[in-house]
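K.L.:
Here are the chains, one letter per residue:
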Amino acid sequence: NAGVTQTPKFQVLKTGQSMTLQCAQDMNHEYMSWYRQDPGMGLRLIHYSVGAGITDQGEVPNGYNVSRSTTEDFPLRLLSAAPSQTSVYFCASGVRAYQPQHFGDGTRLSIL
Amino acid sequence: AQTVTQSQPEMSVQEAETVTLSCTYDTSESDYYLFWYKQPPSRQMILVIRQEAYKQQNATENRFSVNFQKAAKSFSLKISDSQLGDAAMYFCAYNNNNDMRFGAGTRLTVKP
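One line per chain: the protein sequences are A and B, in this order.
Numbering (the working numbering) for the first sequence: 1 to 112.
Numbering (the working numbering) for the second sequence: 1 to 112.
Do not rely on the hints blindly, as some may be mistaken.
Residues from chain B shown here face chain A by an in silico Cβ test under 7 angstroms; the list is partial [unchecked claim]: (1) Y33; (2) M45; (3) Y54; (4) F102.
No lab work stands behind these hints: they were computed from the structure.
Every residue, glycine too, gets a C-beta built ideally from N, C-alpha and C.
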């Protein structure tokens, strides 16, 4: 049972670079989401998707793009990395948003 | 916007004792869901307990129970017979529609 798989686990970028954080789930969940976790602030919702082809913004969407071409995959793209985007990123999935969410192991991203 | 407040940044409990973690939230909605998630040092987010706002009965999962006070917008977590493995960050979370909001977390230390 793979659950929710995030890659990479660690990444260091330079300001202005772009990259994609990958997220895949094998539980056929319709709802998927991305969060960032910063010290003292808990998790904040970046973007979410309620199914293939449908995405929407969360609490802190600026600087990030997402797409959902399949039920399984929900990549998060940083268009032009900024130091303020240094954080730990979590992907999660659930049958619905109000159902228990399954989280990936997180990606620690540092932007210099 | 909905907000979730955890007023106790840190708590400690003696092994086998009981501890209560506080959570309050702000919402104008009547139908929503509340969660407690645990994050041990491994960084994995694990669901502890879930409460539907339309249910008056407090949710219970083994040693974990909640005190849900809808009118007061309060959702505290009680851990009975605390174990060393309960040591972790605990996050309170609120869900309405597809939006999820987390509190800043409470770090629980369990003393042997």
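K.L.:
Hints first: check each against the structure and report whether it holds.
P.N.:
We went through each hint and held it up to the structure:
The beta carbon of B/Y33 is positioned within 7 angstroms of a beta carbon in chain A (closest approach about 4 angstroms), and the interface hint is therefore held. This hint holds: B/M45 has a C-beta 4 angstroms from the nearest C-beta of chain A, less than the 7 angstroms allowed. Annotation: interface hint on B/Y54 violated; nearest CB of chain A at approximately 11 angstroms, more than 7 angstroms. For B/F102, the suggested interface contact is upheld, since its CB lies about 4 angstroms from the closest CB of chain A, less than 7 angstroms.
Taken one by one, the earlier hints fail for this structure only at number 3.
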